[in-house]
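Chemist: Sequences listed follow chains A and B, in order. Count the first sequence with our numbering and you get residues 1 to 112, in order. Count the second sequence with our numbering and you get residues 113 to 227, in order.
A portion of the hints provided could be inaccurate.
From the structure, some residues in chain B lie toward chain A, with a derived Cβ separation under 10 Å [stated by the list, open to error]:
hint, residue
1, 124
2, 152
3, 154
4, 156
5, 158
6, 159
7, 164
8, 167
9, 176
10, 181
11, 191
12, 218
13, 219
Some chain A residues well away from chain B (every beta-carbon gap over 12 Å; in silico) [claimed, not checked]:
hint, residue
14, 22
15, 58
16, 60
17, 98
18, 101
19, 112
Pairwise CB distance ranges (calculated) [stated by the list, open to error]:
hint, chain 1, residue 1, chain 2, residue 2, range
20, A, 56, B, 166, 35 to 43 Å
21, A, 18, B, 165, 42 to 50 Å
22, A, 51, B, 227, 39 to 47 Å
23, A, 52, B, 132, 32 to 40 Å
24, A, 51, B, 128, 43 to 51 Å
25, A, 18, B, 128, 48 to 56 Å
26, A, 51, B, 140, 31 to 39 Å
None of these hints come from the bench; they were simulated from the model. For every residue, glycine included, the Cβ atom is placed at its ideal position computed from N, Cα and C.
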Amino acid sequence: QQQVRQSPQSLTVWEGETAILNCSYEDSTFNYFPWYQQFPGEGPALLISIRSVSDKKEDGRFTIFFNKREKKLSLHITDSQPGDSATYFCAASGGYAQGLTFGLGTRVSVFP
Amino acid sequence: EAAVTQSPRNKVAVTGGKVTLSCNQTNNHNNMYWYRQDTGHGLRLIHYSYGAGSTEKGDIPDGYKASRPSQENFSLILELATPSQTSVYFCASGPSWGANSYEQYFGPGTRLTVL
């Protein structure tokens with residue numbers, strides 16, 4: 001049973017559009033939610049993260065919206081660029097030094 | 113530049129053989145982690161460590177051992193490798209204090225094939 005679920009599995013957008021990636025979780029003890037970006041042949045790179053005490057976190061073109069009551073969050077990539085084409089993973093953790101629980105990822109393709 | 117490095121980057125092993133995957137970090141982080149990545153399963157936690165001399169079991173520890181001889185180094189050991197352990201393995205490190213204490217930074221991965 002997947003503790004962290006992501007949708008869609010893949011997403012195609014045109015350059016300049018907003019890509020919206022969704023994530024939901026089961027465990028109510030999760031309180032830290034990072035998003036990772038991974039290019040083929042590389043390790044995941046921390047993109048942006050949010051704690052459960054916040055409902056929004058913004059960093060440049062990347063924004064996380066968090067709904068604790070519904071156990072859902074989303075990553076918005078505004079003004080998408082071809083260089084944003086990658087797989088994005090939503091993850092969750094319940095506490096300090098605990099490992100992360102990952103979703104299966106969303107593959108994003110941005111066409112010029 | 114602070115970094116997590118892994119060696120080897122690629123490894124082919126035989127069933128029943130012993131495999132050691134190594135990880136080194138220059139982030140001065142106390143916490144280190146081993147994950148494996150498989151299609152259909154995403155990344156899953158195998159072992160982790162809070163500091164030199166400590167190892168803890170993650171979600172899928174069976175068939176794996178870990179060793180943390182120093183702050184900088186964390187190894188994953190497969191005593192008797194099996195084909196089901198064919199995967200890409202990632203090491204990560206994370207700080208133990210401060211505002212970023214939940215963050216984890218990943219290495220480039222080791223692709224292991226067990227024949």
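Chemist: Please verify that hint: residue 159/B, Cβ, nearest Cβ of chain A, below 10 Å or not.
Modeler: 9 Å, holds
Chemist: May I ask you to test the hint 35 to 43 Å on the CB atoms belonging to residue 56/A and residue 166/B?
Modeler: With Cβ atoms ~36 Å apart, the hint holds.
Chemist: Since residue 58/A was said not to touch the interface, does its Cβ keep a gap of more than 12 Å from each Cβ of chain B?
Modeler: Holds, because the least Cβ-Cβ distance between residue 58/A and chain B comes to about 17 Å, which exceeds 12 Å.
Chemist: Is the hint on residue 219/B kept, meaning its closest Cβ partner in chain A is under 10 Å away?
Modeler: Holds, because the Cβ-Cβ distance from residue 219/B to chain A comes to roughly 5 Å (cut-off 10 Å).
Chemist: Is the interface hint satisfied for residue 176/B? The criterion is a beta-carbon contact with chain A at less than 10 Å.
Modeler: 14 Å, violated
Chemist: Could you let me know if the closest chain B CB is still more than 12 Å away from the CB of residue 101/A?
Modeler: Residue 101/A is in fact no farther than 12 Å from some Cβ atom of chain B, at 8 Å.
Chemist: Restraint: residue 164/B near chain A, CB-CB cut 10 Å. Satisfied or not?
Modeler: 14 Å, violated
Chemist: Going by Cβ atoms only, is residue 124/B closer than 10 Å to chain A?
Modeler: 17 Å, violated
Chemist: Should the hint that residue 191/B touches chain A count as held when the rule is a Cβ pair under 10 Å?
Modeler: 22 Å, violated
Chemist: If we take the beta carbon of residue 112/A, is the closest beta carbon in chain B still more than 12 Å away?
Modeler: Consistent with the label, residue 112/A stays out of reach of chain B, its closest Cβ about 28 Å off (over 12 Å).
Chemist: Regarding residue 52/A and residue 132/B, is the given constraint of 32 to 40 Å on their beta-carbon distance met?
Modeler: For residue 132/B against residue 52/A, whose Cβ atoms are near 38 Å apart, the range 32 to 40 Å holds.
Chemist: Between residue 51/A and residue 227/B, does the beta-carbon spacing fit 39 to 47 Å?
Modeler: 44 Å, holds
Of the hints listed earlier, those the structure fails to meet are numbers 1, 7, 8, 9, 10, 11, 17, 18 and 26, in rising order.
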